[in-house]
Every structure is written in structure tokens, then in C-alpha cells.
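2 protein chains.
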Amino acid sequence: MPRSTAPSSRTRVCRKPERAAYDAETINAIVDAAVICSVAFQIDGGVHAIPTIHWRDGGYLYVHGAKASRMLKALTESEVCITVALADGLVLARSAMHHSMNYRSVVIYGQFESVNQPAEKERALRALIEGLYPGRWDTLRPINDKELNATSVLRIPLAEASSKARDSGVKDDDDDLDWPVWAGVIPFNTATGTPRRENDSVGGTVPSTRFTL
Amino acid sequence: MPRSTAPSSRTRVCRKPERAAYDAETINAIVDAAVICSVAFQIDGGVHAIPTIHWRDGGYLYVHGAKASRMLKALTESEVCITVALADGLVLARSAMHHSMNYRSVVIYGQFESVNQPAEKERALRALIEGLYPGRWDTLRPINDKELNATSVLRIPLAEASSKARDSGVKDDDDDLDWPVWAGVIPFNTATGTPRRENDSVGGTVPSTRFTL
Chain B
1 MPRSTAPSSR TRVCRKPERA AYDAETINAI VDAAVICSVA FQIDGGVHAI PTIHWRDGGY
61 LYVHGAKASR MLKALTESEV CITVALADGL VLARSAMHHS MNYRSVVIYG QFESVNQPAE
121 KERALRALIE GLYPGRWDTL RPINDKELNA TSVLRIPLAE ASSKARDSGV KDDDDDLDWP
181 VWAGVIPFNT ATGTPRREND SVGGTVPSTR FTL
Chain C
1 MPRSTAPSSR TRVCRKPERA AYDAETINAI VDAAVICSVA FQIDGGVHAI PTIHWRDGGY
61 LYVHGAKASR MLKALTESEV CITVALADGL VLARSAMHHS MNYRSVVIYG QFESVNQPAE
121 KERALRALIE GLYPGRWDTL RPINDKELNA TSVLRIPLAE ASSKARDSGV KDDDDDLDWP
181 VWAGVIPFNT ATGTPRREND SVGGTVPSTR FTL
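So the protein lines, in turn, are chains B and C. The first sequence begins at 1 in my numbering and counts up one residue at a time. The second sequence begins at 1 in my numbering and counts up one residue at a time.
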């Protein structure tokens, strides 16, 4: 049974609260099912947002980028609001009003902190690679100090977060049930396709990913 | 050839500008390929973001929701920053540093306006349904005034927008090309799966969607 208590007023789901859950297991699963999040932040009172790759290690969501990035710098100087969203299916009703979508989403509030210690930074980047491709990190050309230095890694606790999801059929008005139009759910399926080996890649076998079916 | 000039300083892509495009054709195609965007906005100086269904009609991106939604009201009272992002593939290099992702993304700045005229609102909702399921609107139980009244529709021009995309193979350091690990691209494929007709759905045939392959 998902935890039903929001960790803060700004994470409380007001519209359709029956779709909300606040427990770590539910939130982590949605964060892990996606590779891209959107990070909203402020600079000089203006609102900005950037899509970026994210990953999770324990109770933190991580992002990374070039150390020279002004955006990444701004992220540690502002409260942020992160969204993760996955479209799972189209819901087709007899009336326009009851058309909907099945989806999973997470909203996270908080502030990023910079991961500065080289060993911690390497551990975080290992978690990124291992999370996508279990066993791959140790097969790669080892990361070096120059690369570690050029990369910024930020993390934010998944403490102030909420999830919202819809995973059900069609809810039509009773009076509309006989309307002669197809009603149902058309799911979206996302899976990895045929891997394309780089022409000059000389070794190894195709790694599986956490998205491989 | 994509237009290479940003419409404003805040839409100019600074990191990896060779991945940027600012022309309507490129931006519209990415907006149309996604069903969920993230809308970042401000309330009382705080930053918020919500994932929501979007659609496009001409030069505008539309969102909708319950008229009673405080969030939707806030959206028209604040500058917003919208992101659309699609993960297209995982890029696996010989070094951790050159791992990457193929993706398409759009960032839009501006302010929403409310679509208030019932006829305009109905036209916008028709565009949502017809955009997903061509020909479906006229087969549905007709929308009524109560439903139109209960629904808020907002739109924002796609004028101040930028796109960024990566669609290429692996860029490894020359010294690493002989490293004996598989390098290449593992694509993500998203397609509609087997439709699930609602048990009490009595009529019609499964509509195709703009995502049906």
C-alpha cells in the first residue's frame, strides 16, 4: 500500500489525489524507469528548465555535465523542481471529455549539492554506467583525473517528492456506454531495438541494458 | 538546413551549439513526437513544474485541465519555461566519458494565454483528439457546454523556442579505438502495443494513432 502522506505541502497532489503515492519504492521505480528528467530552476528571478539525463543511487537523484556549464552552476544556487514523466498509454473514451492517458510521473523539490570529492564523483559516474549497463564499468578504458575534473556531478535527495500515476481503463459516463465508437486503451511500448555496432568497434559483445526486454 | 539563429538570448544553446536548431519545422516535429511536456513556472517567487499532456495547433502549444486547477491558473500569471524531451538511444563508448544519449528536445519560453471563447476552446480540443486519432472527433458523443465550461485550455506561441538533438554514433578518443569493449548505439523504439478494448465497448474499430507504426 503506497504511503499516502505528502512530505510537504508543495508536494501534495491536489488534483486526483487517488493517483498519488509518496513512498520511496514507488518514486524510485518511476525515476529508474526513465533516463531523462526536466530540471526547473531560477536565475535572477526568471524561470528556466532543462532536460537532462538523470540516474539514481540510493536516496539521491544525480545529474552531470561539463564543469564549464553555467546551467549546472545555477542549479546549485537555486531551489529546483524536477519532473520525470513516462507516457504509458492512450485512453480512448466515447466522449472527448473522458479521453485520458496512462502515465507515471514524479515531482521532486529541493536543492542540488555538488559532488566534489574525486572518489565520490567516480563512484557516482560508476553508478550511472552500471545502472544502465550492469558490469560495464570495469570493462571500459579507465576514467582519468582530467575527465573527472572536467565533469560536474550534482545530487539531490529524493526526500521531498511525490508520484502520480494512472494505470486503468476507460471511465465513461453511464449514459455514453452504448455510444458506437471503440473505447479502450492503446498502450505505448518502449524497448531497445537492434544495436548498431560502431564500424571501428573491435571487441566485446553487445551489453544488455536495464531497458532490454 | 535548420535555422541557426536563436530568437532570444535565453533560448540560445551554449553547450554543443552544433546540436541546436531554431526553425519551426524542426521544433514542431519534436513537439508532435511527444505527448507529455514539463511546464516550469513560478508562484510567489518559488519554482514549480508539472508534467502534462500537450498538443500543437499551428504555431501554438496547448495544454488543458480542470477549470478548478490552481496550477492552470498560475500558469497564465507567470512566465513559463516548457521542455519536451525524447530519449532515442543509448550511446556506448570505450570510455565512460564518451557515453552519451541520442535525443530530441525543445525548450519554449513565454506566457500562456487562456482560450476562453467556447468555439475556440472546442476547436482546440478537437485538434487534441484529431491530432492523436485522425477522424475520431466526429464519431464521439458530442461535447456539451458543461464539459466545455469545466475545461480550461491554455496556449503559448512556439515563437521563443529552441531545439537540441543528438543523432549520431560514438565519438571516442583516437587512443581508445582499439579498446576491446563493444561500442555502438542501442536505440529506443517506442510504438503502440496491442489495443485493449474496454469490456463494455460495443462499437467501432480500433482507431490508428499518430504513433501507430
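You may find that some hints are simply not true.
Because identical chains share one entry, a pair is satisfied inside a single copy or across any pair of copies.
Said to hold, decoys possible - Result set (BS3-like, lysine-lysine): computed pairs, CA atoms no more than 27 Å apart in a straight line: (1) K171 with K67; (2) K171 with K121; (3) K146 with K73; (4) K171 with K16; (5) K121 with K73; (6) K67 with K121; (7) K121 with K146; (8) K67 with K16.
Treat the hints as calculated values from the structure; they're not laboratory data.
Hint-by-hint comparison with the structure:
1. In this assembly of identical chains, K171 and K67 lie within 27 Å of each other by CA distance solely across copies; the values are 19 Å between and 49 Å within a copy.
2. Within a single copy, K171 and K121 get their C-alpha atoms only as close as 48 Å, which misses the 27 Å cut-off; across copies the closest is 23 Å, which meets it.
3. For the identical chains of this complex, K146 and K73 are intra-copy neighbours only, at 19 Å inside a copy versus 48 Å across copies, given an alpha-carbon limit of 27 Å.
4. In this assembly of identical chains, the alpha carbons of K171 and K16 lie at most 27 Å apart only when taken from the same copy (14 Å versus 46 Å across copies).
5. Taking the shortest Cα distances, K121 and K73 sit within 27 Å of each other inside one copy (16 Å), while across copies they are farther apart (41 Å).
6. Proximity of K67 to K121 under the C-alpha cut-off of 27 Å is restricted to the intra-copy arrangement: shortest distance 12 Å within a copy versus 46 Å between copies.
7. Taking identical chains as interchangeable, the C-alpha atoms of K121 and K146 lie at most 27 Å apart only when both belong to the same chain, with a minimum of 13 Å there against 55 Å between chains.
8. Taking the shortest alpha-carbon separations for K67 and K16, only the inter-copy value of 14 Å comes in at or below 27 Å, while the best intra-copy value is 41 Å.
The structure meets every hint from the earlier list without exception.
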